[in-house]
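Chains A and B supply the protein sequences, listed in that same order. Going by the working numbering, the first sequence wraps up at 290, each residue one higher than the last. Going by the working numbering, the second sequence wraps up at 82, each residue one higher than the last.
It should be emphasised that the hints constitute simulated quantities derived from the structure, not laboratory data. Please read these numbers as outputs of a predicted model, since none were measured by experiment. Note that CB positions come from ideal geometry on N, CA and C, so glycine has one too. Warning: the hint list may mix true and false statements.
[What the hints assert, rightly or not] A few chain B residues that face chain A, going by a derived Cβ cut-off under 8 Å, partial list only:
no., residue
1, 18
2, 49
3, 66
4, 68
5, 70
6, 71
7, 72
8, 76
9, 78
10, 79
11, 80
12, 82
[What the hints assert, rightly or not] Derived pair list, reagent style DSS-like, types lysine-lysine, alpha-carbon separation capped at 30 Å:
no., chain 1, residue 1, chain 2, residue 2
13, A, 57, A, 145
14, A, 57, B, 44
15, B, 44, A, 95
[To be verified] Computed list of chain B residues with no C-beta within reach of chain A, every gap over 12 Å:
no., residue
16, 12
17, 22
18, 41
19, 67
20, 69
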Amino acid sequence: MSNNDTFSVTEPVINHDRLPGATHDPLWIAGESIGSRLWLGSSMYPSPQCMLDALKVGQPGFVTASARRQTARQLSDNGHWEYLESWLASSSTKMLPNTAGCTTAKEAVLLANMTRELFDTDWIKLEVIGDDYTLQPDPFELLKAARELVDQGFKVLPYCTEDLVLCQRLLDAGCPAVMPWGAPIGSGRGLQNLTGLLTLRERLPDAVIIIDAGLGRPSQAAQALEAGFDAVLLNTAVARSPDPVAMASAFAMAVSSGRTAYNAGLMVERDNAQASTPVVGMPFWHQTP
Amino acid sequence: MSGRNMNISINGETQVLPESVRLLSVLLEQQGYLNREKPGRMVVALNGTVVPARDYNTTPLASGDRIDVLGVITGG
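One chain only, chain B, in its complex shape (with noise of 0.2 Å):
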């Protein structure tokens, strides 16, 4: 069903998203993090399971899903 919305946790922050974005890989390119020149290392969390850099393209999203972007920072 198209123009419905889905409600995805992005780090802590709930966001209203089209259903059309439906896909992790989708949901991370139109948060910036797939498309930038210099990407950067991460690591993503769907719901408190890692996802594979190689299944962003195959894992689905529903909503209430809470996804989790992790980067590097420094530490003792």
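Next up, chain A with everything else stripped away, as it sits in the complex (with noise of 0.2 Å):
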């Protein structure tokens, strides 16, 4: 090779269709393939705008959404449905109603119920909250609800806690999937109970695992997916970024980067070091007398 000869160096262009992590390792729930691992929620986005081009940028499997009382005037000047709406219309994206606010089983039936009627879709994100401060689940409600919705055709995901004896009642009773908290709602503290989680996704190996809730930075997505889970579910971290169009962006490499971390292997970890570069071939060589 003469001098003149170089190589020739250029930015690699990525390209996320094409990643492991997105269109060639879809998730599949009950019977349903899921555009992306990334799902979002739609809500505390500084404006409309900023929700859609924030879900443009992310590309979400599922975006969440609710139902509440409102006036007439109100339903008709519903701006951010109006953006989600018309998201949905031209993408892959599913919608994900929920039960936020509930307390009982019975409030999160009636709810999913008319979610049913307000979206025309049959998943639900059951949320049944048994305590204010933590927004911890209630696991005795949430699964007499589950059992009532799945008799009732719906496709429920349970928004949870990693105990591992809920989450196969759950999937006993007919859930498609688990969703256990990685740490409060809007904590941003993401796998607070990482030996927890990780035994969880040991004892239920076939089941899909989504992470929702408590993720605060894409590292933590990156994380959920290395360690095997199926997919992560955030709001706050993507929404209250100071960018969240930047932000959905981030969190949208971190799954397919965590994704396919998962499918490629991760080594196995040392306690002590072992050079990477050969020794052998030194032009001298450490010897203790």
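Could you use the hints to bring the two separately framed chains together as a complex?
The structure is reproduced here in structure tokens:
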């Protein structure tokens, strides 16, 4: 090779659609292919346009929303819904209504039925809160509601804790996936009980498990996907960032990265150092006398 | 009997309505839900049971009924 020969070094072009975390590694739940392992909430964005831009960049598999009492005027001037509806009509993102704010199975079943009529979907993110301070789910009412809604034909995705037995019972009830919290809603603390979550993953190897709530950083989403969790659902971390659109992009890349790493297989950790560069052929030799 | 009134709770607020408002569709129209240029997406429950839109015209009301009208809100 002459001195005139040079290697051409160019910036790599990343096509996110071709990453294993995207189209080549689909997530199946209840017989439906979910377009992405990043799921986003629709709340707390600075404006409907900002929400729409974040959705365009994040390309979430699901977007969550809910239902509340409204006057005729409020219904008529629902800007967020107009933007959300336009996104749903032009993308592969699915609508995932929630039952946020419910504290009993009875309330959750009624609200789920109302969202089914409102959004024309059988998917429901089932939330039944048992503690106002931590927003921790009430496992007993949650399971009761899940059983009833499954009987009514809903595809129930329950927001739960990482309790192994609870998750098993929810799956036994017919939930096609479970959604344990990473940390309390809106806290941004990440995978707070990593040991418990990893145990859940290990004990329920065939279950679809989505980490829902508590993620604050893209690295925490990557950690969840690396560990073999199937998807993440978050809202505050993106919507409350000073730049929600850029943060949606960061989370999308983190999710793709984490899933790609999981599929590739992580190295086994060692206690001690092991040189990466071979020592054979060194012009000197370190020997202890 | 004409001239009698009904107490109907609409989104938690009790309203006294003439008995002529005897169908859910009439009530929703009277409250402005159906006759706007842009009505908006909504779901209605009568006493805790969802009423599909196709049944508004045939759902009778009685004094003491509880109506909830919900629309989309953002959520996580």
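Here's how the hints hold up against the structure:
This hint holds: residue 18 of chain B has a C-beta 7 Å from the nearest C-beta of chain A, less than the 8 Å allowed. Contact between residue 49 of chain B and chain A, as hinted, is supported at the beta carbon level, the nearest pair being about 4 Å apart and thus within 8 Å. For residue 66 of chain B, the shortest C-beta to C-beta distance to chain A is roughly 20 Å, which exceeds 8 Å, and the interface hint is violated. Checking residue 68 of chain B against chain A by beta carbon gives a least distance of about 20 Å; that is not within 8 Å, so the hint is violated.
Interface restraint check for residue 70 of chain B: the shortest CB-CB distance to chain A comes to about 18 Å, outside 8 Å, so the restraint is violated. The beta carbon of residue 71 of chain B is not positioned within 8 Å of any beta carbon in chain A (closest approach about 16 Å), and the interface hint is therefore violated. This hint is violated: residue 72 of chain B has a C-beta 12 Å from the nearest C-beta of chain A, more than the 8 Å allowed. Of the supplied interface hints, the one on residue 76 of chain B holds, with its beta-carbon coming within about 4 Å of a beta-carbon of chain A, less than 8 Å.
Against a cut-off of 8 Å between C-beta atoms, the interface hint on residue 78 of chain B holds, since the closest Cβ of chain A lies about 4 Å away. For residue 79 of chain B, the interface hint holds, the least distance from its beta-carbon to any beta-carbon of chain A being 5 Å, beneath 8 Å. This hint holds: residue 80 of chain B has a C-beta 4 Å from the nearest C-beta of chain A, less than the 8 Å allowed. About 3 Å separates the beta-carbon of residue 82 of chain B from the nearest beta-carbon of chain A, less than 8 Å, and the hint is met.
For a cut-off of 30 Å, the pair hint linking residue 57 of chain A to residue 145 of chain A is broken: about 36 Å separates their Cα positions. Only pairs whose Cα atoms come within 30 Å are accepted, and residue 57 of chain A paired with residue 44 of chain B is accepted, the gap being roughly 26 Å. A hinted pair counts as satisfied when its Cα atoms are at most 30 Å apart, and residue 44 of chain B with residue 95 of chain A qualifies at roughly 24 Å. Once the 12 Å rule is applied to beta carbons, residue 12 of chain B is consistent with being away from chain A; the minimum gap is 20 Å.
The Cβ of residue 22 of chain B lies farther than 12 Å from every Cβ of chain A, with a closest approach of about 18 Å, so its non-interface assignment holds. The beta carbon of residue 41 of chain B is not kept farther than 12 Å from every beta carbon of chain A, the shortest such distance being approximately 9 Å. At roughly 18 Å from the closest C-beta of chain A, the C-beta of residue 67 of chain B stays outside 12 Å, upholding its exclusion from the interface. Residue placement check: residue 69 of chain B keeps its beta carbon more than 12 Å from all beta carbons of chain A (closest about 21 Å).
The structure is inconsistent with the numbered hints 3, 4, 5, 6, 7, 13 and 18, although it conforms to all the rest.
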